[in-house]
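Quick mapping for you: the protein sequence lines, in order, are chains H and P. Going by the numbering used here, 75 is the number at position 82 of the first sequence; the sequence numbering is gapless. Just remember that the numbering used here sits 3 ahead of the position in the second sequence, which is counted from 1.
Treat the hints as calculated values from the structure; they're not laboratory data. Fair warning: there could be bad hints in the mix.
FRET-style restraints, in silico, Cβ to Cβ [said to hold, decoys possible]:
1) Lys197(P) - Leu17(H): 31 to 41 Å
2) Phe133(H) - Thr26(P): 13 to 23 Å
3) Leu68(P) - Leu132(H): 31 to 41 Å
4) Val58(P) - Arg129(H): 13 to 23 Å
5) Leu132(H) - Phe248(P): 27 to 37 Å
6) Ala16(H) - His63(P): 43 to 53 Å
7) Phe248(P) - Phe133(H): 22 to 32 Å
Glycine residues also receive a C-beta, built at the ideal position from the N, C-alpha and C atoms.
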Amino acid sequence: MKKRSPLFFFLLPSVVSVSIFFALPVILTGVLSFTGMDYSFKWNFVGIQNYIDMIGDFMISTVVKNTFVYVFFTLLLFNLGTALLLALFTTTVSDRAGGFFRTIWMLPRLTPSVVYGLMWIWAFDPTDYGLVNIARKLLFGLPPQNWLQSDPMLIIVVANGFVGASFGMILFTSAIKSIPRDYLYAARVDGGSWFFTVRKVILPMIKWQILFVTAYQTLSLLTSFEYIYIITDGGPAFATEVWALYTYHSAFQDFRFGYGAALSMVLVGIGIVSALFYLKFFRFKEMIKEPRIEVDS
Amino acid sequence: MNEYKLTFWQMKKEKITKAIIITILIVITLPIILTYTWLVLASFSTDMKYGIIPVKLTLHNWRFLWKSIEGYPPIWQVFFNTLILALSVMGLEVFATILGGYALSRFKFRMRETLLKIVLVIHAFPSISLLVAIYYILKITGLIDTLTGVILLKASLEIPWGIWIMKGFYDQIPWEVEFAGLVDGYSRVQVWRKVILPLVKPGIAVAGIFSFLSGWSEFVFINTFILSQNTWTLSTYVKAIIGDFRFVDYGLLTSISLFYIIPTIIFFIFANKYLLRVNITGTKG
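Given the sequences, and given the hints that come with them, work out the whole structure.
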């Protein structure tokens, strides 16, 4: 008789915990979105009423517009733009200097979100105590401006961007470092400028990484609201209320759990579609090579 | 490398390019450097010139360590809650992932590919969209408003990430090591425990440190699922303080924040060699 495989023992804790806190919530979110559940936690099924409400919700157009602006600009300027710039620059200078700058850029990602939020609240402080207003005063002699009132979306994009840039930076850096040195030297010897090398040699060779970062970061930005919640909480007057934050407010501020679940389903849907997309396009087979030799089990 | 010859002018041109690049790097990195400098300086001074140059040094801002702020729970209670959260998340996650990572690295079974796909998918999946359903689950299991609930939740959602990291470390160990153990008469589990596990200590350190820091920094789950002040952790504490004192008492805000991020700073200074290598797969922002 075959001995029972120890595989069970190895997998049990992970499978159980992931089922309870991941698989179950995914299904439950779907079911809840068809109820009008509120703070009394009663299951009153209302069919697709929540989805009908969503179409008629006057907030939705604002929220969609904000989400688009937030995701588009953060992605373009920071998660891709700054990330690429940092990767290209830090691999051009010496390894030590490059490593130093990359490490500094990891700091925001590592810092607890509330503390990170506080630093940007200070930076955009409305008086001439904040970093941006000081810089404006010293450089241009301009009076202090209340940024949180006048340009809340700018603050949100910048604050998220300084965290988001490091993701692409690391991926791009390792991709650039794996380009055969000969290619780069060849471009140098031919007298190609830095821009020439970047445009003709480096960028074509890291296009997969650029595509991956774009796909992956679009999804994370769509579903992130932590820093927005801390810095502006969607304000002033819903100017920074994005989809994920609106979901959160609907559920945990207005206690419309059913409606919140329906709003979440949109994100869950996007998440599932993106997941399928990753699996199809990003050479998954290579990552999960079969174990070379197998003994028992 | 020396087989390539650059002319004098080419080298000169490259030097100028590098100087320009360093300058741009400094300029775009300046906001990070300045905000962190401010955080440290503001916590030790009463007034700041140009917002960032300390005028008079003081320890007054740190009074919260021995005298609790009115309307807030004592700092040390909050500190211990945070510590319990971080250590428990770390313990659970390391326990589950040293097992799970080994299974996915070394066992061949029918569901293997499916499981690996699931791990990768969950990893990229926006867990934040599940908050409503998770609230309901915690509510009916009586885990709402308890640290236990948040610990189990946080650890569970991080397990896929940890499995991926641990699998990477297991993958690097040659199969011959395992065979030697099996030939010596150990069972599969014994080989894992006595031979393989000691070899992946660096992996355990990485998974441990990152899960500790992630538990230590957790904000959204605490903010959503913890209602009473007695169960606050430092993140909700700092958030509440920011709400009450923003633009008013930066000295207090910065000193509490600095106190909060001490573990982060220690890690940053002593272990940053792991940072660039492992954290690629973080899902934040």
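Taking the hints in turn, this is what the structure says about them:
no.: 1; hint: Lys197(P) - Leu17(H): 31 to 41 Å; result: 36 Å, holds
no.: 2; hint: Phe133(H) - Thr26(P): 13 to 23 Å; result: 20 Å, holds
no.: 3; hint: Leu68(P) - Leu132(H): 31 to 41 Å; result: 38 Å, holds
no.: 4; hint: Val58(P) - Arg129(H): 13 to 23 Å; result: 21 Å, holds
no.: 5; hint: Leu132(H) - Phe248(P): 27 to 37 Å; result: 29 Å, holds
no.: 6; hint: Ala16(H) - His63(P): 43 to 53 Å; result: 51 Å, holds
no.: 7; hint: Phe248(P) - Phe133(H): 22 to 32 Å; result: 30 Å, holds
In terms of the numbered hints stated before, the structure departs from none.
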